[in-house]
Amino acid sequence: MRIYLAMAAFLFHQAFAFAASPAAETAEAERRAAVAEYAEFERGRSRADAEHAERVARLRAEWKSLSEEILRERKRAAEISAMASEAGKVSADSERISASASALEAALGRAPGYSPALKSSVERFARAADEAGLAMLSPERSGAEAEVEDSSGAKVRGEMFRVGAFKYFIGDGRAGMVSDDFRLYGEGFSDMISSFRRGEGSELPADLSGGKFMRSQFGPRGIVGEIKVGGIWMYPILFFGAISLFVCAFKIPFLFGLGRLDKNALQRAFASLDGGDAERSKTLCAAVGQPYGPMLERLLAARNLGAPQLEELSYEYMLEAGSRLFSGLSVLSVTAAVAPLFGLLGTVTGIIKTFGGLSLHGAQQAQSISAGISEALITTEYGLVVAIPAFVAHALLSRRAKAVMSDMEKAASAFIGKVS
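Its first residue numbered 13, the sequence shown is counted upward by one per residue in my numbering.
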């Protein structure tokens with residue numbers, strides 16, 4: 013009896029262990045899956061933290077670079093202000109020296125025994141004073157011959173002189189300021205510049221931008237020039253424009269090269285099929301045109317099947333044809349949506365830079381501010397130039413593809429209705 017009880021207990025223990033084993037395995041598998049999911053979450057969070065730290069470091073570097081640039085520009089503005097102040101002092105001193113030299117010459121002329129050599133020395137002294145007034149603080153020689161380019165692109169030869177950090181030009185009855193790339197602008201100040209050069213005036217115009225904000229007088233910049241002015245955001249706009257142009261160059265001939273459904277040829281094919289001439293009907297189906305002919309040939313070969321099978325066969329073929337018809341059109345829709353956003357981003361960036369310059373140049377230079385904003389709007393202009401044709405092309409090509417798909421559905425329905 014005891015042996016039977018021991019055997020029963022052993023069998024009960026084995027049955028209980030067998031029943032509990034799958035549950036334990038399931039719990040262990042769930043635990044391992046949870047551990048793996050948590051590890052993947054930790055890795056994702058580590059990557060996100062690393063990307064965030066890298067972005068913060070990059071922004072700090074940009075902020076440091078901008079701060080250094082602002083300090084340099086402020087230092088330059090202070091130097092220019094100091095030079096302008098010093099230039100006024102030198103000009104006043106040269107005028108006083110010239111007046112003293114003239115008075116000395118007059119006094120010596122009235123004195124007996126006046127020496128001509130002394131007169132020559134006085135004249136050289138007065139001329140040197142005038143030249144010192146013209147070449148204030150300049151390391152360049154005053155009155156150098158130069159060739160500059162005017163707003164029409166023509167070359168003009170004449171005399172260029174420099175006052176401090178600013179260059180001026182006089183030649184062929186024209187006068188103006190000279191930019192860093194030797195282009196003539198600001199001819200509206202020609203009278204003031206000519207008077208200063210002749211020694212009749214003491215004022216000169218000064219462009220602290222070096223001509224950058226007055227380039228609009230030079231005429232159209234051209235596409236390359238506008239791309240450079242637009243900045244880095246011009247490149248993604250041009251990239252999307254190039255892709256859209258490539259898609260249009262491929263899809264327009266493809267879609268508009270597909271003819272509409274030839275209903276007369278379709279009726280002739282049905283008539284031949286009614287007459288029992290399957291080969292002629294196949295030839296006439298091929299004459300219906302692309303992409304309807306291959307679909308009708310496939311349906312003709314399977315005409316002995318039932319209507320549900322034929323509908324499934326036509327649906328599969330139209331799915332294949334639709335993928336070819338609509339391929340690439342999503343690029344046009346994305347371009348139409350994204351290009352204006354890139355343009356707006358470039359404009360906002362340019363306006364931020366322009367208004368950031370107010371702390372350096374002051375709010376009185378409205379012309380400089382308006383010029384900077386006009387350059388910032390170039391990206392918006394090009395974004396719309398790219399987006400509008402892409403939007404129109406997407407609408408036309410989508411309409412054409414849908415028309416072809418509609419004709420395919422009509423042809424398939426007519427064939428299935430004929431043979432069923």
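Derived by calculation from the structure, the hints in this document are not laboratory data.
Treat the hints with care, since some could be wrong.
Straight line, CA to CA, 20 angstroms or less: simulated EDC-like cross-link-like pairs of lysine to aspartate or glutamate [claimed, not checked]:
#1 Lys365 with Glu74
#2 Lys167 with Glu80
#3 Lys430 with Glu309
#4 Lys422 with Glu332
#5 Lys430 with Glu323
#6 Lys275 with Glu157
#7 Lys167 with Glu157
#8 Lys365 with Glu157
#9 Lys275 with Glu421
#10 Lys167 with Glu215
#11 Lys422 with Glu324
#12 Lys365 with Asp184
Structure-based check of each hint:
1. Lys365 with Glu74: holds, 13 angstroms
2. Lys167 with Glu80: Violated, at roughly 38 angstroms.
3. Lys430 with Glu309: Holds. Lys430 to Glu309 sits at ~14 angstroms (cutoff 20 angstroms).
4. Lys422 with Glu332: Distance of about 17 angstroms is within 20 angstroms: holds.
5. Lys430 with Glu323: With a Cα-Cα distance of about 13 angstroms, the restraint between Lys430 and Glu323 holds, given a limit of 20 angstroms.
6. Lys275 with Glu157: The hint is violated at about 81 angstroms.
7. Lys167 with Glu157: holds, 13 angstroms
8. Lys365 with Glu157: violated, 37 angstroms
9. Lys275 with Glu421: Given that 20 angstroms is the threshold and the Cα spacing comes to 13 angstroms, the pair holds.
10. Lys167 with Glu215: The hint is violated at about 27 angstroms.
11. Lys422 with Glu324: The hint holds at about 15 angstroms.
12. Lys365 with Asp184: violated, 39 angstroms
Comparing the model with each numbered hint stated earlier shows that hints 2, 6, 8, 10 and 12 do not hold.
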